[in-house]
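Asker: Counting with my numbering, you get residues 1 to 395 for the letters of the sequence shown.
FYI, nobody ran anything at the bench for these hints, they're computed from the structure.
Incorrect hints may appear among the rest.
[Claimed, not checked] Pair ranges (Cβ atoms, derived): (1) A129 to Y204: 38 to 48 Å; (2) E153 to A105: 41 to 51 Å; (3) D251 to K337: 41 to 51 Å; (4) N314 to T273: 45 to 55 Å; (5) A143 to E109: 15 to 25 Å; (6) R274 to S321: 35 to 45 Å; (7) E69 to D251: 43 to 53 Å; (8) G343 to L85: 21 to 31 Å.
Glycine included, each C-beta is placed from N, C-alpha and C at the ideal position.
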Amino acid sequence: MSRMSAWLVVVVVFCLSCEKPGGDQKKPGGGGWGNMTKSVTVEVVHPTVEDFVVFGDYPGEFVSDGMAELSSEVAGRVKEVNVRLGDPVTKEQTLAVVDPVTYAARVKELRASVNLSEASLEEARVNLANMHAELDRKKPLLARKLVTEREIEDLESRIRAADQRLAIGRATVDQNQARLTGARDSLSDTRVKAPFTGIVAERYVDVGAHVSPGQPMFRVVDAQEIYLRLRIPETESGLVKTGMAVQMRVDALGGQSITGTVGRVAPAVDPATRTLRVDVVRPDGESWDEVKPGMYARAKLELGNRPGALVIDNQAILKSSDASRYVWVVRDGKADKQTIMTGLRGRQKTEVVEGLDVDSQVVLRGAEKLRPGSEVTLINQQKDAPAPRGEEVAP
């Protein structure tokens, strides 16, 4: 045997010694380990039948449509302030007075101007009437040649001028009357009055302060018109109806609970926020005396009540690309995709209207690797798990 042949024999023997026993055997399935069907481990639950009550819990703010910022309409120094913070006021009550001396003098001046212009107007009327009388007297004399045509023409010209002066006199009277009316309004505006019955929520001025037109002086609110303004998510907006009872917890009052009623529901969802405005009003006989505009509260509404409803954990429910909802169910040890119709949705559970029954084995966890027909191994199977009565919809 040559040297080269001897090396080849050594290499072949070495390779055979490194081969694992049974290495020529294929794994079950005829395709090796990669072709072996794997079982997916999942946790399943059964739907439960229970009295299902869903609540909505939403933040809101107390506001009042009867709220007004009262500003000064005139400039001047504050002469009187007749109310303090928190005082009740009645409609048309005078809250403050801006020094009226200048405005009263202006009224007096313009009243005199009106009187003077009216006297001038009356004088113009009399003159015009006299000229017409003179013309009526002289026209018959023209035929008898006792007056000349030139005299008649001059008189007619004077009458036309008198007509113009009379028109100017009327305009002057109207102008002065308008100025007098404005001056009287300014004099009246020196008295700042409450537009409605309410409570003084803010007082911004004191006696002696100088104010300008438009400068805020008071804020008045009507506590009888107070209500809680809520924003309901679009997904729950269809469940809110007028007349629904509302329980409100007001943190500013130490968590005190008060009762309200859904009084107004907006006709459309706000496209910017995808929320629906809902106003909660005070029911007849209920006292909201301690509630003030600007306070915040949590409002709880019963959105639905389904006695004997079939419910399932929200975690088990998935959404398809077409927005339909489905769950994975186990039948004969294999996974199957089941489309369902849902009803009331709570924070933890959802009512199933169609697609499941109490004997359905619904995958709760482990659905990420499932495909239709996947073999599954069950763990921690739950059935008839008790559920609390009532759940809250997440705001």
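Asker: Give a verdict on every hint.
Answerer: Against the structure, the hints come out as follows:
1. A129 to Y204: 38 to 48 Å: Violated - the Cβ-Cβ distance for A129 and Y204, about 59 Å, lies outside 38 to 48 Å.
2. E153 to A105: 41 to 51 Å: Taking Cβ atoms as reference, E153 and A105 lie about 49 Å apart, which means the hint holds.
3. D251 to K337: 41 to 51 Å: Holds, since D251 and K337 (Cβ atoms, about 46 Å apart) stay within the stated range.
4. N314 to T273: 45 to 55 Å: About 24 Å separates the Cβ atoms of N314 and T273, which means 45 to 55 Å is violated.
5. A143 to E109: 15 to 25 Å: For A143 and E109 the Cβ distance comes to about 54 Å; the hint is violated.
6. R274 to S321: 35 to 45 Å: 21 Å, violated
7. E69 to D251: 43 to 53 Å: 26 Å, violated
8. G343 to L85: 21 to 31 Å: 51 Å, violated
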